[in-house]
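Q: Chain residues, written in single-letter form:
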Amino acid sequence: MHEHVESIKIYTLVFLSLLILTAATTLVSEIDLGPLNVVAALFIAVVKMLLVALFFMHLRHSTILTKVVVGGGMLWLGILLVLSLADFNTRGWLPVPGK
Amino acid sequence: MDSHTLTPELQEQFETAAQQKEVSTLGMWIFLVTEIMFFGGLFLAYTIYRKEFAGAFELASNTLNVTIGAVNTAVLICSSFTMVLAVRSAQIGSRKALIVFLILTILLGGVFLGVKAYEWDQKFEEHHVPGPTFHLEKATADDQGPAQLFFSLYFTMTGLHALHMAIGEGLMLFLLWHAYKGKYTPAYYTPVDIGGLYWHFVDIIWIYLFPLLYLIARHKQH
Amino acid sequence: MITEAVQERETYLNASHGIKSWLLTKDHKRIALLYLHTITFFFFLGGIFATLIRLELLTPKGTLVSADTYSKLFTLHGVIMVFFFLIPSIPATLGNFFLPMMIGAKDLAFPRINLLSWYLLVIGGCFALYAMLAGGVDTGWTFYVPYSSNYSNTYVIATGLGIFIAGFSSILTGLNFIVTVHRMRAPGMTWFRLPLFVWSNYATALIQVLGTPVIAITLVLLICERTLHIGIFDPARGGDPVLFQHLFWFYSHPAVYIMVLPGLGVISELVSVFSKKPVFGYKIVAFSSVAIAVLGFLVWGHHMFVSGQSVYAALVFSFLSYFVAIPSAIKVFNWTATLHGGSISYATPMLYAFGFIGLFTVGGLTGLFVACLGVDVHVHDTYFVIAHFHYIMVGGTIMAYLGGLHYWWPKMSGRMYPEGWAKLSALVIYLGFNLTFFPQFILGYLGMPRRYWNYPDEFQVLHVMSTAGASVLAVGYLMPLIYFMWSLRYGPIAGPNPWGATGLEWQTSSPPPAHNFEETPIVTTEAYDYAALAAMEEAKVG
Chain F
1 MHEHVESIKI YTLVFLSLLI LTAATTLVSE IDLGPLNVVA ALFIAVVKML
51 LVALFFMHLR HSTILTKVVV GGGMLWLGIL LVLSLADFNT RGWLPVPGK
Chain R
1 MDSHTLTPEL QEQFETAAQQ KEVSTLGMWI FLVTEIMFFG GLFLAYTIYR
51 KEFAGAFELA SNTLNVTIGA VNTAVLICSS FTMVLAVRSA QIGSRKALIV
101 FLILTILLGG VFLGVKAYEW DQKFEEHHVP GPTFHLEKAT ADDQGPAQLF
151 FSLYFTMTGL HALHMAIGEG LMLFLLWHAY KGKYTPAYYT PVDIGGLYWH
201 FVDIIWIYLF PLLYLIARHK QH
Chain C
1 MITEAVQERE TYLNASHGIK SWLLTKDHKR IALLYLHTIT FFFFLGGIFA
51 TLIRLELLTP KGTLVSADTY SKLFTLHGVI MVFFFLIPSI PATLGNFFLP
101 MMIGAKDLAF PRINLLSWYL LVIGGCFALY AMLAGGVDTG WTFYVPYSSN
151 YSNTYVIATG LGIFIAGFSS ILTGLNFIVT VHRMRAPGMT WFRLPLFVWS
201 NYATALIQVL GTPVIAITLV LLICERTLHI GIFDPARGGD PVLFQHLFWF
251 YSHPAVYIMV LPGLGVISEL VSVFSKKPVF GYKIVAFSSV AIAVLGFLVW
301 GHHMFVSGQS VYAALVFSFL SYFVAIPSAI KVFNWTATLH GGSISYATPM
351 LYAFGFIGLF TVGGLTGLFV ACLGVDVHVH DTYFVIAHFH YIMVGGTIMA
401 YLGGLHYWWP KMSGRMYPEG WAKLSALVIY LGFNLTFFPQ FILGYLGMPR
451 RYWNYPDEFQ VLHVMSTAGA SVLAVGYLMP LIYFMWSLRY GPIAGPNPWG
501 ATGLEWQTSS PPPAHNFEET PIVTTEAYDY AALAAMEEAK VG
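Protein sequence lines, in the order shown, are assigned to chains F, R and C. Our numbering applies: residue 1 is where the first sequence begins, and numbers increase by one. Our numbering applies: residue 1 is where the second sequence begins, and numbers increase by one. Our numbering applies: residue 1 is where the third sequence begins, and numbers increase by one.
Hints may be right or wrong, so weigh each one.
To be verified - Derived lysine-lysine pairs resembling DSBU-like cross-links, with alpha carbons at most 35 Å apart:
| id | chain 1 | residue 1 | chain 2 | residue 2 |
| --- | --- | --- | --- | --- |
| 1 | C | K26 | F | K67 |
| 2 | R | K116 | F | K9 |
| 3 | R | K51 | R | K220 |
| 4 | F | K67 | R | K51 |
| 5 | C | K283 | F | K67 |
| 6 | F | K67 | R | K138 |
| 7 | R | K183 | F | K67 |
| 8 | R | K181 | F | K9 |
| 9 | R | K220 | C | K283 |
| 10 | R | K183 | C | K283 |
| 11 | F | K67 | R | K220 |
| 12 | C | K283 | R | K181 |
| 13 | F | K99 | R | K183 |
| 14 | F | K9 | R | K96 |
| 15 | R | K181 | F | K67 |
| 16 | R | K183 | F | K9 |
| 17 | R | K181 | C | K26 |
As the list claims (entries may be wrong) - Which residues of chain R face chain C? A partial, calculated answer using Cβ under 10 Å:
| id | residue |
| --- | --- |
| 18 | Q11 |
| 19 | E22 |
| 20 | I48 |
| 21 | Y49 |
| 22 | E52 |
| 23 | W120 |
| 24 | P132 |
| 25 | L136 |
| 26 | T140 |
| 27 | A141 |
| 28 | L149 |
| 29 | F151 |
Everything labelled a hint here was simulated from the structure, so no lab data went into it. It should be emphasised that the depicted structure is a prediction, and the values quoted were computed from it without experimental measurement. Yeah, the Cβ is synthetic: ideal placement off N, Cα and C, and Gly gets one too.
Extracted from the complex, chain F is given alone in its bound form (with noise of 0.2 Å):
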């Protein structure tokens, strides 16, 4: 719950930090990093994702219930990517066809 009221100049700070990293991810990407592009990509989107939860949605001011529900929202679509993954990252391993 947060009957706390965030002030402006936070909401600010957030809102143009979340422009700086659109521009830095669009840049960064025409940078051959090889392997790292993905990860960068992967990494500046987190921390988008991380500053729109914890300051517009409010979520650092949040019970622990609410914390606990949506880590375990990325907790489980984590399961369904690393279980599925599982089988795709890992076909061919063996010298049988088809396995």
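Once you have looked at the hints, place chains R and C on chain F.
A: Using the frame of chain F, we list chains R and C on its own:
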């Protein structure tokens, strides 16, 4: 003091207005978790096919206009800013500011959708829509299939996102109408608050869609 | 026969009149009854398809229907039973009715969303009925691609839309239950004083919220694939049909826990009240429900051992599948310990509980057989699997549902059902069930494939046994339908607590008033505290 008469919007099953607000907020957050899982299936498909068809995905992604994509991302971020200011205005009881910020949010959301429509139209012109008329120049014959997969994901993911934006616009109009009627006060602005949560969530989805769809191997400048 | 006092007393049933007061109700108890009617309809509809299947399988060659029609029969049986009966069943009827009462609340957190959930189930059901009447669907309830996306000429999209809409019904119910249990408990009702039925519905709600959206997007993608040919599952474009299976089973495996967990909660209640003992190891049983919900999400690949997923993924999923059996086993052990030294009553609900414990154990153990990668290669897609899941779903869930229905019937209706007929039908169901499904274990082991409309002659004896069992089972299910309706008019009036049970729902009248409690209860006792209940009754009389 009967808490049920303090705010006329207090529903029967609740003891206090604070309980009602907490419950509504928790409900919206849980709904957003279901949305994470809903979009999640598409992100899984994207992850798998991008890894498997890296070359075709690069070529296909490079046909998207990064400038337009980046500007549209900025537009959406602006709309999140105006939305959060709208919620704040409701919190402190500034009815006029609330109305102004809701209108700005709606307009910015409209710009986003308009630009999206333009982008989609471009894809139709360029024959980048999966189907019998699809053809991606610079891609080999073998890569035409996987390149179509990229665009299938592009259209489904941005399409589903746009659908959520459109629903968001509807929600914002609903909030605007009630704000105009003076329904929201510091004691009761829950719909604005949870409307904001929904809007920000749709923004977060786009925060991921932009780099994943537009910024694949940009440095190669195909 | 009905005393005037009862006639005058206001209950949720007579608080308002007219069809609008039902179709626009916000009362969770009325919504529970709306659901009861809907799922009963779908149960018997699904049963009709089961009957046709079993009739066809009386003979080795095709007799009654063509192969294509047979495919439609098993598909519709599965779709209707899974999505329109089993998944809503206990939570939407017994859960809706009793969860708020058990925690001392006036209603769920979101009563209007609760009503919307019912409408969504009905609308989804209409889409499925349309598909059924217009020509049916023949892909199997699993809708595997590429058959469902590229080749089937049946009503895949209409059925898919129906399931999609019903899925939202499930999501909203889950959301409602989670918020309600977290934020609407009466003063003194701490988490560890909650009845175990609440814990299991809560755990079920977690699954509904986290899993159902994934099948929703899967159906959207299937419909896009079928209409727009986006290629996402199409090997010709580089798509992977196994991706469909991952997405489908990510939900559909946890879905089987949506179907059985509430039943496990019912059994905890029944075992306690009919042995007059607190459930042994309350906390562990509570945690085991949550453990099933969580672990259930980590095992879906065991449906895909022969589909073409990598060996390493198969190993991981097989390994994890053994773990999910542990919390279920813990429940069975704890129920047994509860019974030990208890004052056992053989009322009908308890007969169903006993039936459940035995049949669920068989179903659960055979789950371990199929979790074993090497064994599953041989029994996958045979009648062994069919027997396994029917032991859980029918021998388990439906028995728990009937047990709960009998147990809570006096509270919901204010009338007792006829005990003699009820005991008889429980016995008929138990015998009919075993005669139907035990032969199927043998059939599967011998190699009888599932979804086949004809079979080698040597399997006929077992199939005939199974069909004979199914006709007994059908009689067993029709009996409660008849006597429950009979009881509404002619059944003896029930008091507030005919079973001497603990739990807040038994502290109010039968049927309850519209607002559940005269005053918000303040909870001071632990769950299943029969001593405290006796003391309270004593105080009332004295």
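Q: With reference to the structure, classify each hint as holding or not holding.
A: Results of checking the hints against the structure:
1. The straight-line distance between the Cα atoms of K26 of chain C and K67 of chain F is roughly 30 Å, inside the 35 Å bound, and the hint therefore holds.
2. For the given pair, K116 of chain R sits about 31 Å from K9 of chain F by alpha-carbon distance, which is consistent with the 35 Å threshold.
3. Restraint check for K51 of chain R and K220 of chain R: satisfied, since their Cα atoms lie roughly 17 Å apart, inside the 35 Å limit.
4. Straight-line distance between C-alpha atoms of K67 of chain F and K51 of chain R comes to about 32 Å, which keeps the hinted pair within the 35 Å bound.
5. Straight-line distance between C-alpha atoms of K283 of chain C and K67 of chain F comes to about 25 Å, which keeps the hinted pair within the 35 Å bound.
6. Taken as a hint, the K67 of chain F and K138 of chain R pair is broken in the structure, with Cα atoms around 47 Å apart against an allowance of 35 Å.
7. At most 35 Å may separate the alpha-carbon atoms for a hinted pair to count; K183 of chain R and K67 of chain F meet this at roughly 29 Å.
8. For the proposed pair K181 of chain R and K9 of chain F, the alpha carbon gap of about 29 Å is at most 35 Å, so the pair holds.
9. This hinted pair does not check out: K220 of chain R and K283 of chain C have alpha carbons roughly 59 Å apart, beyond 35 Å.
10. Between the alpha carbons of K183 of chain R and K283 of chain C the distance comes to roughly 46 Å, so the proposed pair goes past 35 Å and is violated.
11. About 40 Å separates the Cα atoms of K67 of chain F and K220 of chain R, which puts this hinted pair outside 35 Å; it is violated.
12. Taking the CA atoms of K283 of chain C and K181 of chain R, the gap is about 51 Å. The hint is violated against a cut of 35 Å.
13. This hinted pair does not check out: K99 of chain F and K183 of chain R have alpha carbons roughly 62 Å apart, beyond 35 Å.
14. Note on K9 of chain F and K96 of chain R: the hinted pairing holds, with a Cα-Cα distance of about 20 Å set against a maximum of 35 Å.
15. The hinted pair formed by K181 of chain R and K67 of chain F meets the criterion: a straight-line CA distance of about 34 Å does not exceed 35 Å.
16. The suggested pairing of K183 of chain R with K9 of chain F holds, with an alpha-carbon distance near 27 Å, which does not exceed 35 Å.
17. For a cut-off of 35 Å, the pair hint linking K181 of chain R to K26 of chain C stands: about 27 Å separates their Cα positions.
18. Proximity of Q11 of chain R to chain C holds as hinted, the smallest CB-CB distance being about 8 Å (cut-off 10 Å).
19. The interface hint given for E22 of chain R holds, since its Cβ lies 6 Å from the closest Cβ of chain C, which is under the 10 Å cut-off.
20. With 10 Å as the threshold, the beta carbon of I48 of chain R comes within range of chain C, its nearest partner Cβ sitting at about 6 Å, so the hint holds.
21. For Y49 of chain R, the shortest C-beta to C-beta distance to chain C is roughly 7 Å, which falls under 10 Å, so the interface hint holds.
22. Proximity of E52 of chain R to chain C holds as hinted, the smallest CB-CB distance being about 7 Å (cut-off 10 Å).
23. Violation of the interface hint for W120 of chain R is found here, the shortest Cβ-Cβ separation to chain C being roughly 14 Å, above the 10 Å cut-off.
24. Interface hint status for P132 of chain R: upheld, as the beta-carbon distance to the closest one in chain C is roughly 9 Å, under 10 Å.
25. Hint on L136 of chain R is violated. Least Cβ distance to chain C is approximately 12 Å, over the 10 Å limit.
26. Interface hint at T140 of chain R: violated, since its Cβ lies 13 Å from the closest Cβ of chain C, which is beyond the 10 Å cut-off.
27. Hint status for A141 of chain R: violated, given a least beta-carbon distance of 13 Å to chain C, over 10 Å.
28. Evaluation of the L149 of chain R hint against chain C yields a held restraint, the C-beta minimum of about 5 Å falling below 10 Å.
29. A distance limit of 10 Å between C-beta atoms decides the matter here; for F151 of chain R the minimum to chain C is near 9 Å, and the interface restraint holds.
In summary, the structure is inconsistent with hints 6, 9, 10, 11, 12, 13, 23, 25, 26, 27 from the numbered list given earlier, while agreeing with the others.
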